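A.B. asks: Residue numbers (this note's numbering), protein chains in the order written: chain A, 1 to 147; chain B, 1 to 115; chain C, 1 to 489; chain D, 1 to 125.
Take every hint as true, because none was put in to throw you off.
Below, simulated PhoX-like cross-link-like pairs (lysine-lysine); rule was C-alpha separation at most 20 Å, straight line:
1. C:Lys166 / C:Lys156
2. D:Lys35 / D:Lys106
3. D:Lys35 / C:Lys166
4. D:Lys106 / C:Lys166
5. B:Lys113 / C:Lys156
6. D:Lys106 / C:Lys156
7. A:Lys2 / A:Lys61
8. D:Lys106 / B:Lys113
Here chain C is said to cover these stretches of chain B; the calculated rule only asks that three of the stretch's residues, wherever they fall, bring their Cβ under 8 Å from a Cβ of chain C:
9. 5-12
10. 16-25
11. 40-54
12. 57-63
13. 85-92
14. 95-102
15. 106-113
If you want the ones that stay clear, here's a sample from chain D, every Cβ over 12 Å from chain C, calculated:
16. Ile4
17. Leu8
18. Gly60
19. Ala62
Source of the hints: derived by calculation from the structure; they are not laboratory data. Since the model is a prediction, treat every value here as computed from it, not as a measurement. Note that CB positions come from ideal geometry on N, CA and C, so glycine has one too.
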Amino acid sequence: MKDIVIRTVCRVIVPFVQVYGLYVIFHGHLSPGGGFAGGAILGSSMVLFALSFHLEAGAQKLGHETSSYLESGGGIWYILIGLLGLALGSNFLTNRAAGLGFGLPGQLFSGGMIFLLSLGIGVKVASTMFTLFYNLSEEEGSGGDHQ
Amino acid sequence: MEVNPYVAVGILLLMAYVFFYLPAGYIRHVLIVLLVFIIGYALVMTVSEMPTFGAVDTPAHNVVPERYLGRAPEETGAVNVVTAIITDYRAFDTLGEVVVLFVAIVAALSNLKAR
Amino acid sequence: MSLHLPVISIALLLLASFVMPLLRRGARAAALPFTLSVLGAVFTVSLYLIYLVESRGAFSYHVGGWPPPWGVELYIDHLAVYMMMVLSSICLVVMVYGARDLYHEIRAEVMSWYYTLYLLLLASMIGIALTNDLFTLFVFLEISTISACGIISIKKDRECIEASFKYLILSVLGSGCVLLGVAMIYMITGYLNYDFVAQELPQAIAEYPYNILMALSLFIVGFSVKSALFPLHIWLPDAHSSAPSPSSAVLSGLVIKIYAAAILRLLFRVFPAELFEVVPVLDILLFLSVLAVMAGSIFAMVQEDIKRMLAYSSIAQIGFVFMGIGLFGNRALLGGLVHIFNHALMKSMLFLAAGLIIYAAGIRNIRDLRGIGVRMPLTMGAFAIGAFSMVGIPGTNGFISKWHLALGALDLGRPFFVAIILLSSLLNGIYYLPIVINAFFGVKIEPRSEHRDVPGMMLVPVLILAAGVIFFGFYPGPILALLEQAIVL
Amino acid sequence: MEIISRLLENYYYFVSMVLFIIGIHTMLTHSNLIKKVIGMNIMDTSIFLFFVSIGYRRGGMAPIIQPGVEAEMYVNPLPSALILTGIVVAVSVTAYALSLIVELYKQYGTCCANEIAQIRAREES
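Chain A on its own, in the form it takes in the complex:
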């Protein structure tokens, strides 16, 4: 797509969308949202970028290598936090009973691992959305460009 209006608007709008996605992830325990919603917003910002410019431009911003690290990293992060509860003498994925809770309810840094788990989920969802979009459209696009 070579439309200058779309490109300019996207260049301006994408950072804001990403900041909003991070806001939704970090405020998941205070307001509507959470890891999934925020991750979807983050991922769609990257999809928007790749759509409005070019698939290769999107791949330069977030390469296959990086996104596969992010995917695995999100899951490993989640399980490691779960094992942290185990290491502290409680059950798998225990939060407050294992001593992980901190902060007062209603504040940004409260709820112990909830915040950390949301971060992991958000990263995972964002990279998954981008990778799936990229791989499904790359296969089609590479064939279509040459015809």
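Start from chain A and add chains B, C and D according to the hints.
C.D. replies: For chains B, C and D alone, coordinates are given in the frame of chain A:
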């Protein structure tokens, strides 16, 4: 409530035959519409018997959401109860969900790159 | 610490599968030893858990430290540890075989993804076996669905895509039915935990009979689609015959049975027994299982492709498991449950032997197998043991499960099912024995040019499984002792 | 008549059941694979609608705890939380099914199940 096992097996066999084996055509379409109406009738009869929508005293409003709503802030530190459930009370389901996303990616990529 | 082992083994499998794509870049060679060591660790854990459950009885595990109606509960009883042992042992042996076989069926670039999907499949099946929560059951059901389709569609052939698409669509239909059933159960009881649902359901029957009936039938249909009970088996032959051989062995040996174990748990731990007197669910399952046994055997007789024949034979054998469930007597249930393990052993062995034949001689057609026993005596010997076990000749483990099923049917005063078991053994004999006889005594055909040597690493797992078939045919004691405690419901 | 009045009371459940039937019908009758996937999504969405509407309480608020509001004033948060998981599962299945369709289209040049069956039958003969 009385169900005859022969009739039930017969209907199931007929459904399986129509859905999966009968070649496409006019008869198949008519039979499928008929069978879908039978399933729909059963589901609608079930709906007519369900607890009233939006009522305060449905069985689902029992001690489980009561504790979630009443004690989530002090027990988990999250004000948003839905987030408290998905990342604390039922965090194991969410682990499963992260795994579903991962398995979808791995399956899709391995399929696309397999040939 | 040892009480944490079930959840640790699931977490270990998931962690290993998450790490696997990272190994792709640098340490590709490490992927296989890593997978095998993880599978071996899980198998060891499952053996230890059997000891633990035997010594201190069933126990439950609260994930996150929340008590049951609020949090997720894992319930580790005899049935769960039995299923876990079956799953991890067969998966370990099949992966040893797959280490060599997969390289000619799958591109090297996607090998680490195969290991990932395989580990995830095992993790989800263990999750289904252990969970005590309806919604967690659904989540693990979906993981196992996608990963089971994934290990089919990863092959180079294009038939695999079509087969796995068909499998995916029907499986999703099945899990949609299961989710709707979960929703209806939640609506009228307000709980998701098995024990609490079971506590609430007897009172709810009077008020919402149709709801419970609908939920029950949705569960039955959903799990029947997934475990390929007879009229809903349409996806199975394509999927199991076109997949890579290790995938076929796991899919046919384990994946369809874990759903049968799940529906067994639902029927006997969640739904009240008085419901079965009003609604003939067990009779329906029984009729369908008889149809499955007969139809599977008859379809298998007319197949020409060896893996397709084995796939149709699986349809017949899953019928025996459901027959055990449907007869609802202690002994018949024992027969059905022990058939899960026995069939997993012999069917995965038969699929691996068939894969070995395809690998070494490039033959898929049954008629071309004539005289192959001379060239590949060990493989065909193992195949013969599997075939005898399928027929149910004494001394093999297939006999044990059929024996208990038949005795269970007699205990309940239903000799009709004994006749069905005998008839199906006869039919099994009609299509299995000619293959064996022709392979050893048939006219030799000229060896083809692409004949390859049989690698030892592929032959050893087949022989281990064959030895298991014989061993558990003569000493079924430990398994039966474990299961006798599992079915005290 | 009583049934109809019950259905009108439970119209959320009724509509979700109708959607479920539409989804099953689409999934099983259409030979276009994309339409099958769309039917699958309709079916899943209908179940999600059903599940979420179980937790609704008339006049209830979103379950974000505010000081001074009693617990009875919020809707049941459990179905919403579960369905969040369910939606992600449906998305994953859809993504995988679409990747299979892409691959099938590349191999056979069509998205129609009947045509693929014809092509395969022609090859085998």
